[in-house]
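Engineer: Residue-level listing of the chains:
There are 4 protein chains.
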Amino acid sequence: METLKASLRMAVRFSEVDSMGIVWHGNYVKYLEDAREAFGNKYGIGYLSMVENGYFAPIVSMELKYHNPLVYGDEFIAEAEYVPCVSAKMKFTYRITRASDGLLVLSGSSVQAFLDLDRNLMLHSPEAYAKWKKEYGMNL
Amino acid sequence: METLKASLRMAVRFSEVDSMGIVWHGNYVKYLEDAREAFGNKYGIGYLSMVENGYFAPIVSMELKYHNPLVYGDEFIAEAEYVPCVSAKMKFTYRITRASDGLLVLSGSSVQAFLDLDRNLMLHSPEAYAKWKKEYGMNL
Amino acid sequence: METLKASLRMAVRFSEVDSMGIVWHGNYVKYLEDAREAFGNKYGIGYLSMVENGYFAPIVSMELKYHNPLVYGDEFIAEAEYVPCVSAKMKFTYRITRASDGLLVLSGSSVQAFLDLDRNLMLHSPEAYAKWKKEYGMNL
Amino acid sequence: METLKASLRMAVRFSEVDSMGIVWHGNYVKYLEDAREAFGNKYGIGYLSMVENGYFAPIVSMELKYHNPLVYGDEFIAEAEYVPCVSAKMKFTYRITRASDGLLVLSGSSVQAFLDLDRNLMLHSPEAYAKWKKEYGMNL
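Heads up: the protein sequence lines correspond to chains U, F, P and L, in order.
According to our numbering, the first sequence holds residues 1 to 140 in order.
According to our numbering, the second sequence holds residues 1 to 140 in order.
According to our numbering, the third sequence holds residues 1 to 140 in order.
According to our numbering, the fourth sequence holds residues 1 to 140 in order.
These are calculated hints, taken from the structure and not from any lab test.
Predicted model, so just to flag it, every value in this text is computed and none were measured.
Some clues are possibly wrong.
Treat identical chains as interchangeable: a pair holds within one or across any two.
Stated by the list, open to error - Simulated pairs of lysine to any residue, SDA-like, Cα-Cα distance not exceeding 20 Å: (1) Lys65 <-> Val111; (2) Lys89 <-> His67; (3) Lys30 <-> Val12; (4) Lys30 <-> Ser61; (5) Lys89 <-> Pro69; (6) Lys42 <-> Lys134; (7) Lys30 <-> Ser7; (8) Lys134 <-> Asn41; (9) Lys65 <-> Cys85; (10) Lys65 <-> Ser109; (11) Lys91 <-> Ser61; (12) Lys42 <-> Asp74; (13) Lys30 <-> Pro58; (14) Lys65 <-> Ser87; (15) Lys5 <-> Lys42; (16) Lys65 <-> Asn120; (17) Lys42 <-> Val12; (18) Lys65 <-> Thr93; (19) Lys131 <-> Val83; (20) Lys65 <-> Val83; (21) Lys65 <-> Arg119; (22) Lys65 <-> Arg98; (23) Lys30 <-> Arg98; (24) Lys30 <-> Pro69; (25) Lys42 <-> Arg13; (26) Lys133 <-> Tyr47; (27) Lys30 <-> Leu104; (28) Lys5 <-> Glu79.
Please model the entire structure based on the sequences and the hints provided.
Structural biologist: Below you can see the structure in the form of structure tokens.
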């Protein structure tokens with residue numbers, strides 16, 4: 001099975017750094033979302049295409065491990081990798097590395113569930129998502 | 001004409017402080033919104049009641065003057081005062097003061113226009129807003 | 001052993017709600033920090049007292065489970081509970097519940113390590129922290 | 001006198017969009033800061049070089065005019081232009097335009113004062129800044 005992943009390069013914003021001089025830990029959640037959206041854009045399964053196909057995919061759990069801090073002025077690479085699963089969920093693992101030297105900054109994972117546009121939990125994967133998985137050979 | 005105003009007391013969040021050790025200047029926009037919503041809740045003209053009455057009131061201009069910084073640990077009072085005007089706009093002035101000693105931290109103002117729920121600019125004030133102004137004696 | 005915990009009541013800010021109409025998942029990290037700081041203020045071990053005692057305690061890992069969403073207008077209770085541990089770490093578990101009915105919104109946990117003021121990892125707990133643990137009977 | 005300006009292209013983040021489906025008005029403050037830092041990087045007068053030269057330049061006033069909204073999925077250009085002035089201040093004007101069609105989204109301005117590293121207001125421009133102005137022919 002092929003590995004599906006996408007990454008993007010970003011720079012730390014001044015407003016993202018806290019009074020310890022490092023990126024405030026909560027801001028990494030935005031970076032992971034950016035990586036997930038880079039994935040969505042690359043593979044045709046971003047937020048807007050989900051809504052067009054009649055579903056939302058809110059985050060239901062998230063894990064973050066902070067290995068090394070980023071500081072203002074740093075550039076970094078945020079990567080999202082798709083993790084196939086059987087249940088009606090969407091899973092990603094993440095890695096953030098410092099661009100200058102590849103230092104591991106953060107690793108993590110997230111799980112998304114599916115809601116229809118009336119916000120009801122979908123017990124089965126949305127049709128468009130099931131089709132997408134098949135197209136990319138991601139059925140287990 | 002009576003003066004309509006509302007205020008609320010808040011504490012600086014750790015995540016709101018920048019690497020200079022002071023509240024990052026962009027975070028005051030949230031504090032002003034909190035004051036405006038305190039006003040909305042007090043006088044029955046908050047965001048949710050606007051939507052129920054068929055309109056939005058997005059910010060179309062804003063001015064901020066930063067007099068003294070807040071630091072982590074500070075408590076402060078954010079106050080919004082309604083400024084009556086003839087045009088189909090909603091205006092507020094703001095003052096943020098440090099709770100411990102009343103030091104002036106920020107003064108500012110904002111103007112909101114009215115959109116219907118299809119996002120079209122309303123050239124006349126929404127009916128519910130015109131009624132609200134009359135009820136509070138705010139017609140010029 | 002006594003359980004040490006602290007909580008605070010907050011309201012969802014307009015700026016914290018995303019285009020799905022619910023609190024954006026990354027904003028809960030701020031709420032957990034607010035609960036942790038409420039704990040710090042209650043038990044004399046907040047961010048500022050740490051710095052005064054010569055150490056920082058950055059987050060090194062975090063887990064979040066999203067059970068139910070909060071929407072604009074909701075009030076909620078964020079609670080942090082201290083989890084004693086043997087290693088040179090500081091652990092908390094969290095619960096966020098909706099104020100109106102006690103609905104469970106989020107559960108989670110975090111781990112903090114200790115750095116001296118030169119940002120070197122401390123392999124043993126800072127003296128002030130060890131003393132604090134002893135004072136509250138939190139040594140395992 | 002030459003005009004000094006810098007711009008950068010960015011995309012709207014999901015977390016920056018509010019429940020009206022448009023970029024929350026406070027987030028533009030970050031975009032302006034990004035443009036100002038792009039300017040600083042281009043002309044050698046960014047935040048880090050200021051600190052190295054012994055001063056800070058916090059924002060003391062800001063004006064924002066919102067012409068048209070950005071939505072999720074939009075790309076945009078944020079531009080900062082330096083405005084020479086006689087006093088010990090640093091002024092910029094800004095324009096944000098939608099990348100797809102050049103639609104004007106926001107115009108604004110900011111003023112920064114100078115503080116030494118002890119946070120005392122500097123009544124005269126820092127030496128390094130005066131030198132920078134001269135180098136770029138920006139003395140009035």
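Engineer: Give the relationship of Lys42 and Asp74 under a CA distance limit of 20 Å: within one copy only, between copies only, both, or neither.
Structural biologist: Classified as between; 16 Å across copies, 25 Å inside a copy.
Engineer: Please sort Lys5 with Glu79 into within, between, both or neither, judging by C-alpha distance up to 20 Å.
Structural biologist: within (7 Å within a copy, 32 Å between copies)
Engineer: At 20 Å max between alpha carbons, let me know whether Lys42 reaches Val12 within a copy, between copies, both or neither.
Structural biologist: The answer is between: 17 Å across copies meets 20 Å, while 23 Å in one copy does not.
Engineer: At most 20 Å between CA atoms: does that hold for Lys5 and Lys42 within a copy, between copies, both, or neither?
Structural biologist: within (9 Å within a copy, 33 Å between copies)
Engineer: Measure nothing new, just compare the shortest in-copy and cross-copy C-alpha distances for Lys65 and Val111 to 20 Å and report within, between, both or neither.
Structural biologist: both (15 Å within a copy, 10 Å between copies)
Engineer: First find the shortest C-alpha distance between Lys30 and Val12 inside one copy, then the shortest across copies, and answer within, between, both or neither for a cut-off of 20 Å.
Structural biologist: For Lys30 and Val12, the Cα distance is within 20 Å both inside one copy (11 Å) and across copies (12 Å).
Engineer: As a check of your reading, is Lys42 near Lys134 (CA-CA no more than 20 Å) within one copy, between copies, both or neither?
Structural biologist: within (16 Å within a copy, 47 Å between copies)
Engineer: Please sort Lys42 with Arg13 into within, between, both or neither, judging by C-alpha distance up to 20 Å.
Structural biologist: Answer is between; shortest inter-copy Cα gap is 16 Å, intra-copy 24 Å.
Engineer: Go through the copies and call it for Lys65 and Asn120: within, between, both or neither, with a Cα cutoff of 20 Å.
Structural biologist: This pair counts as between: shortest inter-copy Cα distance 18 Å, intra-copy 31 Å.
Engineer: Checking an output row: Lys30 and Ser61, CA cutoff 20 Å. Within, between, both or neither?
Structural biologist: Result: close both inside a copy and across copies, 15 Å intra and 16 Å inter.
Engineer: Regarding Lys133 and Tyr47, is the shortest C-alpha distance of 20 Å or less found within a copy, between copies, in both, or in neither?
Structural biologist: within (16 Å within a copy, 40 Å between copies)
Engineer: Quick one: Lys30 to Arg98, C-alpha cut-off 20 Å, is that within a copy, between copies, both, or neither?
Structural biologist: Cα proximity of Lys30 and Arg98: one copy only (16 Å, versus 22 Å across).
Taken one by one, the earlier hints all hold for this structure without exception.
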